[in-house]
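2 protein chains.
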Amino acid sequence: MNSADLGRRVGVPSTALFTDQYELTMVQAALKAGTASRRSVFEAFTRRLPEGRRYGVVAGTGRVLDAVENFHFDDEMIGFLRQQRVVDEPTLQWLADYRFSGDIWGYPEGEVYFPGSPLLRVEGSFAECVLLETVILSILNHDSAIAAAASRMSAAAGGRRLIEMGARRTHELSAVASARAAYVGGFDATSDLAAGFRYGIPTVGTSAHAFTLLHDTERDAFRAQVDSLGRGTTLLVDTYDVAEAVRAAVEIAGPELGAVRIDSGDLLLVAHRVRQQLDELGATGTRIVVTSDLDEYAIASLAAAPVDAYGVGTQLVTGSGHPTCSMVYKLVARAGSAEPDAPLVPVAKKSLGAKSSKGGRKWAARRVDEHGVAEAEVIGTGAVPEELAGRELLVELVRGGEVVAREPLEAARERHVSARAGLPLSAMQLSRGEPVIGTEYA
Amino acid sequence: MNSADLGRRVGVPSTALFTDQYELTMVQAALKAGTASRRSVFEAFTRRLPEGRRYGVVAGTGRVLDAVENFHFDDEMIGFLRQQRVVDEPTLQWLADYRFSGDIWGYPEGEVYFPGSPLLRVEGSFAECVLLETVILSILNHDSAIAAAASRMSAAAGGRRLIEMGARRTHELSAVASARAAYVGGFDATSDLAAGFRYGIPTVGTSAHAFTLLHDTERDAFRAQVDSLGRGTTLLVDTYDVAEAVRAAVEIAGPELGAVRIDSGDLLLVAHRVRQQLDELGATGTRIVVTSDLDEYAIASLAAAPVDAYGVGTQLVTGSGHPTCSMVYKLVARAGSAEPDAPLVPVAKKSLGAKSSKGGRKWAARRVDEHGVAEAEVIGTGAVPEELAGRELLVELVRGGEVVAREPLEAARERHVSARAGLPLSAMQLSRGEPVIGTEYA
Numbered sequence: 001m002n003s004a005d006l007g008r009r010v011g012v013p014s015t016a017l018f019t020d021q022y023e024l025t026m027v028q029a030a031l032k033a034g035t036a037s038r039r040s041v042f043e044a045f046t047r048r049l050p051e052g053r054r055y056g057v058v059a060g061t062g063r064v065l066d067a068v069e070n071f072h073f074d075d076e077m078i079g080f081l082r083q084q085r086v087v088d089e090p091t092l093q094w095l096a097d098y099r100f101s102g103d104i105w106g107y108p109e110g111e112v113y114f115p116g117s118p119l120l121r122v123e124g125s126f127a128e129c130v131l132l133e134t135v136i137l138s139i140l141n142h143d144s145a146i147a148a149a150a151s152r153m154s155a156a157a158g159g160r161r162l163i164e165m166g167a168r169r170t171h172e173l174s175a176v177a178s179a180r181a182a183y184v185g186g187f188d189a190t191s192d193l194a195a196g197f198r199y200g201i202p203t204v205g206t207s208a209h210a211f212t213l214l215h216d217t218e219r220d221a222f223r224a225q226v227d228s229l230g231r232g233t234t235l236l237v238d239t240y241d242v243a244e245a246v247r248a249a250v251e252i253a254g255p256e257l258g259a260v261r262i263d264s265g266d267l268l269l270v271a272h273r274v275r276q277q278l279d280e281l282g283a284t285g286t287r288i289v290v291t292s293d294l295d296e297y298a299i300a301s302l303a304a305a306p307v308d309a310y311g312v313g314t315q316l317v318t319g320s321g322h323p324t325c326s327m328v329y330k331l332v333a334r335a336g337s338a339e340p341d342a343p344l345v346p347v348a349k350k351s352l353g354a355k356s357s358k359g360g361r362k363w364a365a366r367r368v369d370e371h372g373v374a375e376a377e378v379i380g381t382g383a384v385p386e387e388l389a390g391r392e393l394l395v396e397l398v399r400g401g402e403v404v405a406r407e408p409l410e411a412a413r414e415r416h417v418s419a420r421a422g423l424p425l426s427a428m429q430l431s432r433g434e435p436v437i438g439t440e441y442a
Numbered sequence: 001m002n003s004a005d006l007g008r009r010v011g012v013p014s015t016a017l018f019t020d021q022y023e024l025t026m027v028q029a030a031l032k033a034g035t036a037s038r039r040s041v042f043e044a045f046t047r048r049l050p051e052g053r054r055y056g057v058v059a060g061t062g063r064v065l066d067a068v069e070n071f072h073f074d075d076e077m078i079g080f081l082r083q084q085r086v087v088d089e090p091t092l093q094w095l096a097d098y099r100f101s102g103d104i105w106g107y108p109e110g111e112v113y114f115p116g117s118p119l120l121r122v123e124g125s126f127a128e129c130v131l132l133e134t135v136i137l138s139i140l141n142h143d144s145a146i147a148a149a150a151s152r153m154s155a156a157a158g159g160r161r162l163i164e165m166g167a168r169r170t171h172e173l174s175a176v177a178s179a180r181a182a183y184v185g186g187f188d189a190t191s192d193l194a195a196g197f198r199y200g201i202p203t204v205g206t207s208a209h210a211f212t213l214l215h216d217t218e219r220d221a222f223r224a225q226v227d228s229l230g231r232g233t234t235l236l237v238d239t240y241d242v243a244e245a246v247r248a249a250v251e252i253a254g255p256e257l258g259a260v261r262i263d264s265g266d267l268l269l270v271a272h273r274v275r276q277q278l279d280e281l282g283a284t285g286t287r288i289v290v291t292s293d294l295d296e297y298a299i300a301s302l303a304a305a306p307v308d309a310y311g312v313g314t315q316l317v318t319g320s321g322h323p324t325c326s327m328v329y330k331l332v333a334r335a336g337s338a339e340p341d342a343p344l345v346p347v348a349k350k351s352l353g354a355k356s357s358k359g360g361r362k363w364a365a366r367r368v369d370e371h372g373v374a375e376a377e378v379i380g381t382g383a384v385p386e387e388l389a390g391r392e393l394l395v396e397l398v399r400g401g402e403v404v405a406r407e408p409l410e411a412a413r414e415r416h417v418s419a420r421a422g423l424p425l426s427a428m429q430l431s432r433g434e435p436v437i438g439t440e441y442a
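Protein sequences appear in the order of chains A and B.
The first sequence begins at 1 in this note's numbering and counts up one residue at a time.
The second sequence begins at 1 in this note's numbering and counts up one residue at a time.
Extracted from the complex, chain A is given alone in its bound form:
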C-alpha cells in the first residue's frame, strides 16, 4: 500500500507487462552470457524540448515509484510468457522472483528541466534496470507532456481558476494521469471523478446541453438544476439565446447564482456582454466560466475579459501540440564484470547523427546569478564543483528497492510554482523560443 494514495484499487494488478518484449529477451541473453548482473546505471533524459518550448516540467515521478513497487510477474503473467515462448525457463524463473532492488535518484516531481537533464538515474544490475525502461518512459513521457501544457496555461491564466475537463478526449486512464499532471502543473480542479477518487484532486462539474434539451424549456432545465443543486450551481447559458438564458438564470436562481458557463461563440465578446448583463441584474457575484477548445493562447487572449475560470479539455490532455516528450532511457555506465565492486565504465552509443548520447553517471545542478535567477543547467560526471554545492537537482527516490521519497501531490504542485519562479522571466512567454537557460557540461 502506498502511503501517498488513498488506498484504493486502481490499475492492473502489476505493472510488469507494461514492457516491450525486447527487455525480456535482452535479460535472457544477458543471463546466459553472464552479463545480466553487471552493475549498471541507466538515465532518463531528453535530447531536446518540444519545438519552441522554453522549459519542461517533470511529472509522473510519484506514479513511477508506484510502478516500480508494483512491478512483479504473477503466475498468470508467467504463464502467458511461457505459452507465447517469449523467453526460456531460466529467464521465467528469474522473472518470477523479480523485485527491483536497486537505487533511483531523480529530479523531484514539479521541477523544471532542460535538454540533457538527467531526470531519473536508475542503478542496479543490468537486468533489473533494463526491465523498467518501458514503464518509466511511458509515465514520464506522458505525464510531463501534460504538465508542461498545464504550466503554460496556468502562467497564461494568471491567478484565475483552471479546471481540467479533458477526460473525454483521451484514453480513460490517460485522463486520470492527465488530471494528476495538470494539477502538478497548476490546475485547480478536474471534472474527472476517477482522478478525485485516485489522487484526491478536487472535482467540479457544471452542466451539459443535453440537460437543457431534456427539458421542455430552458427555464424548466434551469429550475430543475437550481432546485436540486442549489443557487451556487453553474448554469450553461448557450444552448439557445445567451441573453435570454442569462435573464432566466438570474430570475430563477436569484443574484446568488454561483456561475454561468459559456461554451461557444466569441468568448471575449460574449463574456463582456454576459458580465454586463449579470451586473445589471444585480448578480455581481455570479462568476463566468468559459470552455470551448481553449489553449494557452486563447486563455491569454481572454486576460482582459471578465472571466473567472477556464475549463480546458482537448488541448490540455494532448499536451497543446506536444502529446509526448522525447525522453529516452539509456545505459550510461556499467561494470566490466559481474563482481559487485567492479568499477563503472562510462558507455555511449557512437553512431553519427542526433542520437548519440553522453556516457557516465551524472549529477545536475542549476546555477543561479547574483539575483538568484537560474542561468544554466549544469550537468557533469564525477565530483560536483564547490560553487554548485546545495544546488544539486537529483534527490534520492528509491534505496535498495524501497521507495524513500513519497510525498503528497500538493508538494509537487508547490515545487513547480517555485521552480518556475526561479527561471528568467522569459520562461513565461508563450511565443516559440529556445530553452530559457542553456545546458552546460561541467
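Since the hints were derived computationally from the structure, they do not count as laboratory data.
There could be a bad hint or two in this list.
The list treats identical chains as one, so a pair stands whether inside a single copy or across any two.
[Unchecked claim] With a cut-off of at most 16 Å between alpha-carbon atoms, the simulated EDC-like pairs for lysine to aspartate or glutamate come out as follows:
{"#": "1", "residue 1": "K350", "residue 2": "D216"}
{"#": "2", "residue 1": "K32", "residue 2": "D227"}
{"#": "3", "residue 1": "K349", "residue 2": "E244"}
{"#": "4", "residue 1": "K32", "residue 2": "D88"}
{"#": "5", "residue 1": "K349", "residue 2": "D216"}
Assemble the complex: chain A is given as a structure, and chain B must be docked to it using the hints.
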C-alpha cells in the same frame, strides 16, 4: 467475463468513475425534476475529420462494450461520492443500483467514417444514457485517432510488415489500447507485452543499444544474443559502425541471421548499403527492420528501399499529428414525458457557430456507384430509402443492456481492409485533402 477477451484481469474494477462529475449532478437534478426517466437517444459523432484527413476509422467499439458492461458503482465508489458530497442520497441509491439496460447501435469496429456519421447511438432513459458519455467518448476518441494513423501507415507500407513500438511514448494503458487500435488499422504486431496478454495481439522484440553497450565489444553482444535467442533473432547494427556491425552479425549468426535493425541515420541510404552488404555476405534472406521516428510519410518515402519491416512508435501512438478525434455525444431526441411509450421529440442545440447539431434519431448508409465504389455517406431520420436498403451502417451492439455483438479483434481488422478498399482510390493519398466522400442528409 467477456467472451472476446482472454479472461485476464485488467483495468480498474469498474469503469463507472471514468466519468465527468456533471453527469452525476445532472442525473441528480433530473431525478428530482422527474425527467430522468424520459426515453432518450444520444449519438456519438464528429463534426469534422482532423484537418486534411480523408476518412476516419472506427476503433474502440469492443472496448466500449466492455466499459458499458463494467460500468457499476461499487461500495467504495459510492462511499467516495458520499464523502465528497458529489450527489445526494437518493442519487447515490440510484447509482448503487445502476446497470445500463438500454440499447446501443453503432458502426462496427474497423468501419470508416465521415463528418456526421452517427458512430454510436445509445438509447434508454436520459439518466442511464447520460452517465456513459465520458467513458464512451474517451475510448472512441482515443482509439479511433490511433487507428486512423495506423490505417494511413499501413496504406503507405503496402504489404510490408508494421510493428507497433510506441508504448514508451504514451500512457502505459493508453499504450495497450493503442496497440489494439493499431492492429485494427492494419499493424501486424506490437512490442507491448500487455497488449499481447490482454488482446492476444502478436508480440515481437528486437534488441536495444543498451544490450550492445553492456558487453565489452559489439561482437560479444551479438554472440550473447545469438547464443541465447538463436540465429533467427534481430541484431541492432547501428551502435557503432554499421558496416562493421553487419559484417560481425553475419559472421556470428551465419547467413541464417533473421534480421538486422537500423535505428538512426539516413534510413534510405543505409538500408540500400546494408542490403547490398548482406547480399554480398550471402545473407540474402536476412531481413531489414527500420525504426526511428517513422510516420506515414517516412514509410512512403522508403517504398523503394530494401526494407522488410517498419517499427513505428511516437507518431503512431500520438495519432500522427492528431492524437484525438473530436467526437461528441449529443442528446438528439427524447420523450416529452416519462411515459414509456411517449413519442420521441428531436432536439438540438441552437446556438450560432460551428457547434450546432442535427436533431433526431439517425440511420446512416453508404451509397455506392455502379462500380461499387463509395460515393456518399447518407444520413437521415425516419425510414431508410429503398435504394439504400442493405447498405445501412449501424449494427446492433447492445440489446436491453446485454452485449450482443462481441467479435474477435481479427474481424475488425479484416473489416477495415474491406471498408477502406470500398472507398475511392484517392482515400489512400497521404496529402492533405477533403473527406473522400461527402456527407448527405436524406
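Hint check:
With identical chains, the CA atoms of K350 and D216 are at most 16 Å apart between copies only, with a shortest distance of 14 Å across copies and 70 Å within one. Proximity of K32 to D227 under the C-alpha cut-off of 16 Å is restricted to the inter-copy arrangement: shortest distance 8 Å between copies versus 71 Å within a copy. In this assembly of identical chains, the alpha carbons of K349 and E244 lie at most 16 Å apart only when taken from different copies (15 Å versus 66 Å within one copy). Taking identical chains as interchangeable, the C-alpha atoms of K32 and D88 lie at most 16 Å apart only when both belong to the same chain, with a minimum of 10 Å there against 61 Å between chains.
Taking the closest pair of Cα atoms, K349 and D216 come within 16 Å of each other only across two copies (13 Å); inside a single copy the shortest separation is 68 Å, beyond that limit.
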